[in-house]
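Based on these hints, arrange chain X on the given structure of chain A.
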Amino acid sequence: MGLFALFYFWKGGTQALQRLTALVSGGILKILGFPTEVNGTSYSVSGVAIQIIPECTGLYEIIVFASIVLAFPAQLFRKIIGVIGGALILILLNLVRLLILALVGMRSREWMDWIHLYLWQLTLILFVVGLFLLWLSWARKPMAKAPPPSSPSLKEKPKTPDEPKK
Amino acid sequence: MKIWVFLLRFFLFLTILFLLWIPVSPYYTYLTLWPLTWLFPLFFGIKPDLSFSSSSSAFWESAFTNIVPFLALMFATYGWRVQWKKRLWQIFLGILLLYIFRVADRFLGYWLTRVGATDAQIAFAEPLLYFLIQLGKILFPILLWLLFCFKDSPALLWFREK
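Those protein sequence lines, which keep their order, are chains A and X. 1 is the number of the first residue of the first sequence in our numbering; add one for each residue after it. 1 is the number of the first residue of the second sequence in our numbering; add one for each residue after it.
It is worth saying that the hints were derived from the structure and are not from the lab. Be aware that one or more of the hints could be misleading.
Unchecked claim - Selected chain A positions facing chain X (Cβ under 8 Å, derived; list incomplete):
#, residue
1, Glu37
2, Val38
3, Ile63
4, Val64
5, Leu70
6, Ile89
7, Leu93
8, Leu126
9, Val129
10, Leu133
11, Ser137
Backbone N, C-alpha and C fix where the C-beta goes; we use that ideal spot for every residue, glycine too.
Excised from the complex, chain A in its bound form:
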């Protein structure tokens, strides 16, 4: 809720992210050879106008992912790496999503609506959950530290014949 409040009230930051998303996705399409015109938070490619609203930036997926990672008991530096790495991956995936949408939109508007619905809500949740589970499996691993050679393991206690049966 804190992260959400930060971005909700910091309108300038959200708008800057929208402009950056439009600029980068429009720029990639231009590099790929499609006639693209970027204008603020929107761009048009081959007659298809795409408006980047806050949901299109991947911001909310990042907020949810970061919240879960930060709330989970783990070492601080692993949390920081998780949040930064996860945010970068989600931004990249979001850009891929926008590129796919634009490419599909050039062919069929109807298909674009369907893919927008499917890719926007559902697959991004899949990525948030997947990234969280991957981070969790890494965050739970013990630090690479060699145990002293002569130290007996505390967990493994040798069984004695006198030990009463439970």
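Chain X in isolation, oriented as in the chain A frame:
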């Protein structure tokens, strides 16, 4: 390895349930609007215009639901054979909670746009509405799944055992 199997199962359930949800979504939309027909007269003394048709805009609006990812997460998680009764109850409870959240965001949305809320009311309700709509779509299914399955699911326990 198990993590990939789980994600694959999740993806398959997500796709299948999404396709199954398409014909259901207009009915769900109606179900989320219905409480407003008695909530608005109760709170504001007015009857809102909630005329609903299965036009494309209403369809798209209703299709954005978080019930599909919640169900996909629950179905993809192991442990159904052992505790299917518990899982069914969890699914019922989860759907009920998601439905209540959806009604709450509809109530706030109609209140802000159709009733004519004051500036102070807008200042209070607007962030709440955005929270419910924008974050709720992603956060609530994951949160409910973690709440229900975290402790007793092998799919989530494997990393603890290792």
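Cross-check of the supplied hints:
1. Hint status for Glu37 of chain A: violated, given a least beta-carbon distance of 26 Å to chain X, over 8 Å.
2. Checking Val38 of chain A against chain X by beta carbon gives a least distance of about 24 Å; that is not within 8 Å, so the hint is violated.
3. With a cut of 8 Å, the hint placing Ile63 of chain A at the interface with chain X holds, because the nearest CB-to-CB distance is about 7 Å.
4. Among the interface hints, the one on Val64 of chain A holds; its C-beta lies about 5 Å from the nearest C-beta in chain X, closer than the 8 Å criterion.
5. The beta carbon of Leu70 of chain A comes no nearer than 13 Å to any beta carbon in chain X, farther than 8 Å, and the hint placing it at the interface is violated.
6. Interface restraint check: Ile89 of chain A against chain X, minimum CB-CB distance 14 Å, threshold 8 Å, status violated.
7. Taking 8 Å as the C-beta cut-off, the interface hint given for Leu93 of chain A is violated, the closest approach to chain X being about 13 Å.
8. A least Cβ separation of about 6 Å between Leu126 of chain A and chain X falls short of the 8 Å threshold, and the interface hint therefore holds.
9. Hint on Val129 of chain A holds. Least Cβ distance to chain X is approximately 6 Å, under the 8 Å limit.
10. For Leu133 of chain A, the suggested interface contact is upheld, since its CB lies about 5 Å from the closest CB of chain X, less than 8 Å.
11. Interface hint status for Ser137 of chain A: upheld, as the beta-carbon distance to the closest one in chain X is roughly 5 Å, under 8 Å.
Violated hints for the displayed structure, listed by number in ascending order: 1, 2, 5, 6, 7.
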